[in-house]
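> Quick note on this note's numbering: the sequence shown kicks off at 1 and runs consecutively.
Worth double-checking, as some hints may not be accurate.
[Said to hold, decoys possible] Using C-beta positions, here's what the derived DEER-type ranges look like:
| hint | residue 1 | residue 2 | range |
| --- | --- | --- | --- |
| 1 | G20 | F62 | 17 to 27 Å |
| 2 | A47 | E82 | 25 to 35 Å |
| 3 | R88 | D6 | 29 to 39 Å |
| 4 | Y85 | D29 | 34 to 44 Å |
| 5 | K69 | I23 | 24 to 34 Å |
| 6 | R26 | K69 | 38 to 48 Å |
Honestly, the hints are just simulated from the structure, not real lab data. Beta carbons: idealized from backbone N, C-alpha and C, even for Gly.
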Amino acid sequence: MAVQFDGGVSLGADSRTTTGSYIANRVTDKLTPIHDHIFCCRSGSAADTQAVADAITYQLGFHSIEVNKPPLVHKAASLFKEMCYRYREDLMAGIIIAGWDPQEGGQVYSVPMVGMMVRRLPLEALGAHKSMATLMLPTGKA
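Can you make the complete structure from the sequences, with help from the hints?
Following this line, the structure appears as structure tokens:
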């Protein structure tokens, strides 16, 4: 889950990895740093989401070197969208991209499993318990 506020964004996730009803790992880190001020929250196949996050981290690092400044959050979200759309038949990956940049401030983007990109205000949640998580917040949406 990611929440945008005046000073930036806040991300949170549970730590369980499941295979059906079986809990395969109780201490998974689903929040992945993509760059200094950009993170992603991964939902879906752990292998797919880790591979996509690693590839985007690599691409964004090169992009940052090319332009000689920190990347924009929108650029990171666009790279996730392009990869998830290109491989939509093979991937099971829903990803929230959240971060802060000097141009736009705090931002939250959602890239669901079909590979589209949506900017979300003020919050976004993905995963099996999305409805419960958003309903518990005062501005919740289901």
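> Next step is simple, just say for each hint if it's right about the structure.
For each hint, the structure was consulted:
1. In this structure, G20 and F62 break the distance hint of 17 to 27 Å, their C-beta atoms being roughly 38 Å apart.
2. For the pair A47 and E82, the supplied restraint of 25 to 35 Å is violated, since their beta-carbon distance comes to about 20 Å.
3. For the pair R88 and D6, the supplied restraint of 29 to 39 Å holds, since their beta-carbon distance comes to about 35 Å.
4. At about 26 Å, the beta-carbon gap between Y85 and D29 misses the expected band of 34 to 44 Å.
5. About 42 Å separates the C-beta atoms of K69 and I23, a value inconsistent with the hinted range of 24 to 34 Å.
6. Checked against the hint of 38 to 48 Å, the pair R26 and K69 passes, with Cβ atoms roughly 40 Å apart.
Against the hints set out earlier in the document, violations occur for numbers 1, 2, 4 and 5.
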